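Trainee: Going down the list, the sequences are from chains A and B. Residue 209 in my numbering sits at position 101 of the first sequence, and the numbers go up by one each step. Residue 299 in my numbering sits at position 191 of the second sequence, and the numbers go up by one each step.
It should be emphasised that the hints constitute simulated quantities derived from the structure, not laboratory data. On a predicted model such as this, the values are computed, not experimentally measured, just so you know. Be aware that one or more of the hints could be misleading.
Stated by the list, open to error - Within a straight-line C-alpha distance of at most 27 Å, the following computed DSS-like cross-link-like pairs (lysine-lysine) qualify:
no., chain 1, residue 1, chain 2, residue 2
1, B, Lys122, A, Lys294
2, B, Lys262, A, Lys164
3, B, Lys498, A, Lys293
4, A, Lys267, A, Lys227
5, A, Lys227, B, Lys307
6, B, Lys307, A, Lys266
7, B, Lys266, A, Lys294
8, B, Lys293, B, Lys307
9, A, Lys293, B, Lys470
10, B, Lys164, A, Lys294
11, B, Lys267, A, Lys266
12, A, Lys307, A, Lys293
13, B, Lys470, B, Lys498
14, A, Lys262, B, Lys293
15, A, Lys267, B, Lys262
16, A, Lys293, B, Lys262
Number of protein chains: 2
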Amino acid sequence: MIGSKKGLSEEEQKRIERIKERNRQIIDQHVQMQTEEFQSYVAQTSDHSLNFPVSKSDSVYLWDAYGNSFLDFTAGIGVNNIGNRNFVIMSKIKEQLDHYTHTMVYGEHLQLNQIEYAKAISGYFPSRDDFPQQVFFVNSGNEAIDLALKMSRKVSGKKGIVSMERGFHGRGYGAMQVTWNDNYKKGFFVDDEATVFLKPGGPIPDQYEFWGDIGTVILELVQGEAGCIPLSKIWVQKLLKIAKAHSVLVIIDEIQTGYGRTGTFLAQEQYEVEADITCLGKAGGGGLPFGAVVSSRTNFELLQTPNLSHLTTFGGNPVVMAAGLAVIEYIQEELLSHVQEMGKYLTEQVTEVAKSYPKIIKGSQGIGLMQGLILNDDEHGPEFTERFYKECLMRGLLLHFKLNNPYVLRMTPPLIISDRSIKEACDIFVDVCMELESSDN
Amino acid sequence: MIGSKKGLSEEEQKRIERIKERNRQIIDQHVQMQTEEFQSYVAQTSDHSLNFPVSKSDSVYLWDAYGNSFLDFTAGIGVNNIGNRNFVIMSKIKEQLDHYTHTMVYGEHLQLNQIEYAKAISGYFPSRDDFPQQVFFVNSGNEAIDLALKMSRKVSGKKGIVSMERGFHGRGYGAMQVTWNDNYKKGFFVDDEATVFLKPGGPIPDQYEFWGDIGTVILELVQGEAGCIPLSKIWVQKLLKIAKAHSVLVIIDEIQTGYGRTGTFLAQEQYEVEADITCLGKAGGGGLPFGAVVSSRTNFELLQTPNLSHLTTFGGNPVVMAAGLAVIEYIQEELLSHVQEMGKYLTEQVTEVAKSYPKIIKGSQGIGLMQGLILNDDEHGPEFTERFYKECLMRGLLLHFKLNNPYVLRMTPPLIISDRSIKEACDIFVDVCMELESSDN
Chain A
109 MIGSKKGLSE EEQKRIERIK ERNRQIIDQH VQMQTEEFQS YVAQTSDHSL
159 NFPVSKSDSV YLWDAYGNSF LDFTAGIGVN NIGNRNFVIM SKIKEQLDHY
209 THTMVYGEHL QLNQIEYAKA ISGYFPSRDD FPQQVFFVNS GNEAIDLALK
259 MSRKVSGKKG IVSMERGFHG RGYGAMQVTW NDNYKKGFFV DDEATVFLKP
309 GGPIPDQYEF WGDIGTVILE LVQGEAGCIP LSKIWVQKLL KIAKAHSVLV
359 IIDEIQTGYG RTGTFLAQEQ YEVEADITCL GKAGGGGLPF GAVVSSRTNF
409 ELLQTPNLSH LTTFGGNPVV MAAGLAVIEY IQEELLSHVQ EMGKYLTEQV
459 TEVAKSYPKI IKGSQGIGLM QGLILNDDEH GPEFTERFYK ECLMRGLLLH
509 FKLNNPYVLR MTPPLIISDR SIKEACDIFV DVCMELESSD N
Chain B
109 MIGSKKGLSE EEQKRIERIK ERNRQIIDQH VQMQTEEFQS YVAQTSDHSL
159 NFPVSKSDSV YLWDAYGNSF LDFTAGIGVN NIGNRNFVIM SKIKEQLDHY
209 THTMVYGEHL QLNQIEYAKA ISGYFPSRDD FPQQVFFVNS GNEAIDLALK
259 MSRKVSGKKG IVSMERGFHG RGYGAMQVTW NDNYKKGFFV DDEATVFLKP
309 GGPIPDQYEF WGDIGTVILE LVQGEAGCIP LSKIWVQKLL KIAKAHSVLV
359 IIDEIQTGYG RTGTFLAQEQ YEVEADITCL GKAGGGGLPF GAVVSSRTNF
409 ELLQTPNLSH LTTFGGNPVV MAAGLAVIEY IQEELLSHVQ EMGKYLTEQV
459 TEVAKSYPKI IKGSQGIGLM QGLILNDDEH GPEFTERFYK ECLMRGLLLH
509 FKLNNPYVLR MTPPLIISDR SIKEACDIFV DVCMELESSD N
């Protein structure tokens, strides 16, 4: 590497320093220009975009325009489950590109990858009325919620929905109806009056007066944007039992928990519950836009009357299916038990750090590799989270925020992460804690 | 080719016929198995899926599993504007795959292709308040409508919307609010009571009593699913003038008309009108899932209060952007004038056929290469459309239906189509007309 050679004269070393400095300035200029254009042309709905100048991704790392590498603890927000730019995904995409890409809207053409994908996913769900459950492909988790709500209302004949406090399901007019945070609905005239928000872990009404107008329950088993909060298994089982007694359909939003994120292919497996309708998204398209709804053939057939009651142009896109199929094939028993082990290891390591720096870190919460790093909110305001995050970034570790919890940082690394990388991240936490404690004094 | 050689003995010819027959049977079995799996695992919302066993696509052709080629007059429903599996798109995708794919949710990372794409699109729109218009990327036209409605309501502070009779905008809870056909809303409890449907070409109310609660007008300039019906230019200009006088925002849905489909990059150019908010989709992702909303910086900034009032995981995906950028770069003046010429030629050719077979074909309607083939509904019921369509398919021509008009077949070939291919399609129309007339007698 430039400048690393020994035995250079002082003059030569100075020349090399000048070259490096010049290079840095050139890149600075590029990045500055890009940032300006980004802010000018790409619509910004965040008041503090990261403006990270990404230049390359691979495995558990991202690189910026300066050539610095970063340990990726976000995986694009739970998307790149089998690693950034996984080789198998790349090959499958390239292979599909040589045959055909988009050829027709959903449901008209026989596309092999789409059929294989649906069959593979269906295998994770129990049969219903002697038929395998079916998969409808859409373009995002948000669109999966739209379809799930449409179907549940059509099947139940009721508009009313029970959703969860702190629940987050997306940004469209369907998802906003069941999303808890009022900030994300302000000014949009969202039709959420038929939605009742229940406190997870709290009392569950059982009387007809409550359930009479309700046709749907929707929930995440691990509440992602709330800070990776796992719901109580007993509470969820009780809720679903009561819902079933009142003939209410249950939608489980596995958009973030699916595809092995929590250590099983679906979080439902660990909770020992079965949804009537499951929403998928995030990791399922191997990094390309993807969403899906899984439910019984009987439920989907209701969308044939009137004919084509739901449809999508791109859903089940052959290139997306190729990429996603690689993800499914990659997620085998070994990877799932690896996720369980690494999840446990991450919890242990963070607990260790929290013990040494209790004023800064409280600990972590979550299941598998869907975890939140909880900062101490007794000692600090929410701006401290940004400070902590930035100190990690400077040391080459990429975390991210949670929409609904200002004191929790996101730890959702690629599932293929090693214990060594987890240790590396936790060493950075220690380093940051030391720095912050000393600067606080 | 097998069996095409001259001078074979009768026995040899018979043997070759047997081999061909055996091959056909094997493919038949494969296709049958695929069809069964398709119907079992992939959710069906159509009661008569085409089950077309696509095996390859290229330029203006698709191939089925038997090796038969089909002239593609659908382009995946107006998606593959620069041809199926266009070489430039494929190269751009592969190139991007070698650097990075999805790395973060929308708005956080500087991704070059995304910035270039937004800048290129912004160039087709006039500046507003001295700033270039901005682009927000989503995953489908449906999602673009969601965002457009959110923004328009936030800006106007009003829930009420004027939409068009026969208008179609998508299947989500946002799009359904402004979609005309009640069949697509039945049983879903769609909140469309604040939407007024206006008859295109009909009277336009001008009094405050009508507009007082209205904050938004939404329209397609060429109504796609209605059968490619272009709205009257004078009527549209009058509507927009009245809307402006009442401070009502105008959303133009260019999901199908955009990216050169009508012979200009946007249909707005031909109508000499400017939308406050434009929705894009279909062709913009080069065959990958894509949608976008274009509007002023001032309008988008309103979505920063509260912070992050809209967001998407996949929108602006680097691979989709790479593919879409190839589309934008490909659509130059020459292609646009080609579209105008070919559109004119298609109209002329269909008019010729209609003259000879007036009982079957009435003519065509539309702009550029977004046209509908109008069958004679005085003489036939809607089942005749399916018959006509199937006879074309048997002759190697792929058309498709319209959701809201049973007598119109879709003619939206790739924009690169040649006059020779258009002639070929029209010759097939003649052949089918002859066949149908003779079988009718």
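Trainee: Which hint numbers doesn't this structure obey?
Mentor: 1, 2, 3, 4, 5, 6, 9 and 10
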